[in-house]
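Position one of the sequence shown corresponds to residue 1 (my numbering), numbered consecutively onward.
Do not rely on the hints blindly, as some may be mistaken.
Unchecked claim - Mimicking EDC-like on lysine to aspartate or glutamate, the simulated pairs with C-alpha atoms at most 20 Å apart in a straight line are:
1) 17 <-> 29
2) 90 <-> 130
3) 203 <-> 229
4) 98 <-> 66
5) 94 <-> 61
6) 13 <-> 385
7) 203 <-> 81
8) 98 <-> 51
9) 123 <-> 61
10) 63 <-> 31
11) 203 <-> 214
12) 90 <-> 51
13) 277 <-> 338
14) 365 <-> 112
15) 13 <-> 40
16) 368 <-> 417
17) 17 <-> 40
18) 90 <-> 66
19) 94 <-> 107
20) 94 <-> 66
21) 98 <-> 130
22) 98 <-> 31
23) 376 <-> 214
24) 123 <-> 29
25) 376 <-> 417
26) 368 <-> 419
27) 183 <-> 146
28) 17 <-> 417
29) 90 <-> 40
30) 368 <-> 112
31) 90 <-> 78
32) 376 <-> 360
In short, the hints are calculated from the structure, not lab data.
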Amino acid sequence: MSNAIQLPVQLQKLGLKRYEQLYPQHPIENEVVRLLALSDFAWRCIQSQPDLKSGLLCEDEIKSRDILSPFENLTLADINEAQCHQILRKYREKYWLKVAFLDLCCENPIADSIEYISQLADKLIQSANEWAHAQVATLNGEPVDEQGQSLPLMVLGMGKLGGKELNYSSDIDLIFAYPRSVKTQGGRKSIEAQVFYTKVAQKLIAALNQTTGDGQVFRVDMRLRPFGESGPLVMSFNAIEDYYQEQGRDWERYAMLKSRLIGRPNHYWDEFNQLLKPFVYRRYIDFSVIESLRKMKLMIAQEVRRKRLTNNIKLGAGGIREVEFIVQALQMVRGGREANLQTQSLLNALNQLALNQVIDDDEAKELKGNYLYLRKVEQYLQIFDDQQTQTLPDDEINQQRLNYLLSQSDFAASVNEIEQVMAQVHNEFIQVIGEETEPLDTCEGTFISAWDHCDVSFLNEPKDEWQEPLQDFKLR
Numbered sequence: 001m002s003n004a005i006q007l008p009v010q011l012q013k014l015g016l017k018r019y020e021q022l023y024p025q026h027p028i029e030n031e032v033v034r035l036l037a038l039s040d041f042a043w044r045c046i047q048s049q050p051d052l053k054s055g056l057l058c059e060d061e062i063k064s065r066d067i068l069s070p071f072e073n074l075t076l077a078d079i080n081e082a083q084c085h086q087i088l089r090k091y092r093e094k095y096w097l098k099v100a101f102l103d104l105c106c107e108n109p110i111a112d113s114i115e116y117i118s119q120l121a122d123k124l125i126q127s128a129n130e131w132a133h134a135q136v137a138t139l140n141g142e143p144v145d146e147q148g149q150s151l152p153l154m155v156l157g158m159g160k161l162g163g164k165e166l167n168y169s170s171d172i173d174l175i176f177a178y179p180r181s182v183k184t185q186g187g188r189k190s191i192e193a194q195v196f197y198t199k200v201a202q203k204l205i206a207a208l209n210q211t212t213g214d215g216q217v218f219r220v221d222m223r224l225r226p227f228g229e230s231g232p233l234v235m236s237f238n239a240i241e242d243y244y245q246e247q248g249r250d251w252e253r254y255a256m257l258k259s260r261l262i263g264r265p266n267h268y269w270d271e272f273n274q275l276l277k278p279f280v281y282r283r284y285i286d287f288s289v290i291e292s293l294r295k296m297k298l299m300i301a302q303e304v305r306r307k308r309l310t311n312n313i314k315l316g317a318g319g320i321r322e323v324e325f326i327v328q329a330l331q332m333v334r335g336g337r338e339a340n341l342q343t344q345s346l347l348n349a350l351n352q353l354a355l356n357q358v359i360d361d362d363e364a365k366e367l368k369g370n371y372l373y374l375r376k377v378e379q380y381l382q383i384f385d386d387q388q389t390q391t392l393p394d395d396e397i398n399q400q401r402l403n404y405l406l407s408q409s410d411f412a413a414s415v416n417e418i419e420q421v422m423a424q425v426h427n428e429f430i431q432v433i434g435e436e437t438e439p440l441d442t443c444e445g446t447f448i449s450a451w452d453h454c455d456v457s458f459l460n461e462p463k464d465e466w467q468e469p470l471q472d473f474k475l476r
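Sequences and hints are given; from them, build the entire structure.
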């Protein structure tokens with residue numbers, strides 16, 4: 001169940017000290033000691049809810065992937081805002097602790113862990129949406145269709161959330177839509193659909209994003225929506241269709257490759273997906289997209305250099321993003337004609353590219369292995385303290401943790417192994433996307449890549465001058 005290699009002495013002492021603080025009268029449980037040594041986040045979780053330990057040591061519970069609602073057996077309209085926020089945050093704490101235990105102590109396959117995290121995130125988002133809808137409907141009634149059926153707020157998950165490949169400590173990127181512009185019925189005060197869904201969206205975002213005494217569920221980013229920060233928080237199907245037909249840009253096509261509706265399926269899902277499909281996938285072989293993606297990648301590289309990011313396993317040459325570029329570029333080029341490539345999952349897309357003989361089996365196998373290796377390293381880095389980071393640690397304790405988890409004798413050996421993987425990825429990237437070249441127009445260096453906007457790792461920081469032009473960014 002656990003890593004057979006002995007914990008380094010410093011980590012063993014840390015784990016024992018923490019365990020004895022929590023459970024001074026209990027016999028030592030080595031798996032829990034190991035978890036407390038390897039993750040400051042796990043230490044805080046168990047401090048907050050000491051009873052969670054028993055679930056980690058129950059084999060049936062650890063193996064289970066059942067996902068219950070945070071509001072199981074509760075009436076949504078009766079849950080006030082403070083209660084909702086606490087329930088969602090305690091739920092996240094419980095399940096993210098379980099994933100930490102799976103990854104750090106049970107050597108769980110990373111593909112399973114990121115899918116499990118994504119499914120848990122789906123349940124949290126769906127629950128927050130349903131609670132917010134019930135709260136607003138109590139006063140204002142709700143919009144209904146011709147058959148008298150309630151019209152729910154549609155939540156579109158983007159990026160790794162959309163691909164069911166969510167990071168352990170990730171922002172979630174969302175876009176909101178609603179099917180019909182009708183007034184609410186059944187409440188004390190009827191309001192327009194736009195007003196109703198805006199209220200629901202605001203409550204949903206606060207339920208997930210607001211930091212309370214129990215922490216935060218997710219950092220929610222809405223800047224991928226039509227018109228960005230200057231656009232309305234929610235839009236009707238018709239308005240969204242008009243936007244993407246008339247103003248949609250290449251980076252938005254790229255972002256929409258990973259988009260996925262989240263929540264309880266209804267008969268409007270197909271309508272919404274069909275609305276977006278012609279924008280995302282062209283009916284012809286679209287080689288023109290390669291140059292756009294090459295320029296996006298160049299802008300990321302410039303931003304990495306500007307911010308002096310080193311040892312970054314996501315943005316650096318051969319990092320996670322280059323695997324995503326390879327796969328998604330080929331999806332955009334061929335997806336309009338080869339329907340099996342129309343998938344949000346990177347791993348599934350990679351399998352289909354090999355099946356279609358776009359890349360050979362050995363290349364696909366190597367890319368898959370390297371991608372999962374880098375995602376595993378990323379997962380470890382984020383579990384250490386529930387921080388959104390892809391940078392290799394520069395402090396001794398986290399370097400020791402990474403060495404232990406990678407079964408390496410020292411940090412130099414860990415870095416060497418990671419660099420070999422990234423070199424293989426970059427070599428494949430050059431073959432598919434091409435070498436990066438400096439733009440003729442040096443002003444382009446002031447723009448952050450719109451692709452990076454899709455993952456918002458830079459955009460969580462305070463705005464400065466290089467972000468301002470993003471709203472008007474066009475690939476020239």
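Open item on the list: Checking one constraint from the list: CA of residue 277 to CA of residue 338, max 20 Å. Satisfied?
Closed with: Judged against 20 Å, a Cα distance of about 13 Å means the pair holds.
TODO: Quickly compare the C-alpha distance for residue 376 and residue 214 to 20 Å and report which way the hint goes.
DONE: Violated, at roughly 27 Å.
TODO: Would you mind confirming whether the straight-line C-alpha gap from residue 376 to residue 417 stays at or under 20 Å?
DONE: This hinted pair holds, its Cα atoms lying about 13 Å apart.
TODO: Given the hint that residue 17 pairs with residue 40, test it: the Cα-Cα distance must not exceed 20 Å.
DONE: 13 Å, holds
Task: Satisfaction of hint between residue 40 and residue 90, Cα-Cα up to 20 Å - done: The given pair, whose Cα atoms are some 17 Å apart, holds under the 20 Å limit.
Open item on the list: What's the verdict on residue 365 and residue 112, does the C-alpha distance respect the 20 Å limit or exceed it?
Closed with: Given pair residue 365, residue 112 holds - Cα atoms ~18 Å apart, limit 20 Å.
Open item on the list: Hinted pair, alpha-carbon criterion (20 Å max): residue 368, residue 417. Please report holds or violated.
Closed with: Answer holds: residue 368 to residue 417 is near 16 Å, not above 20 Å.
Open item on the list: Does residue 51 sit within 20 Å of residue 90, going by the straight-line distance between their CA atoms?
Closed with: 12 Å, holds
Task: 20 Å Cα cutoff - pair residue 90, residue 130 - done: Cα-Cα ~18 Å, so holds.
Open item on the list: For a C-alpha distance cap of 20 Å, please report whether residue 13 and residue 385 respect it.
Closed with: 18 Å, holds
Open item on the list: For a C-alpha distance cap of 20 Å, please report whether residue 203 and residue 81 respect it.
Closed with: 9 Å, holds
Open item on the list: Need the status of pair residue 17, residue 417: alpha-carbon distance at most 20 Å?
Closed with: 32 Å, violated
In summary, the structure is inconsistent with hints 21, 23, 24, 28 and 32 from the numbered list given earlier, while agreeing with the others.
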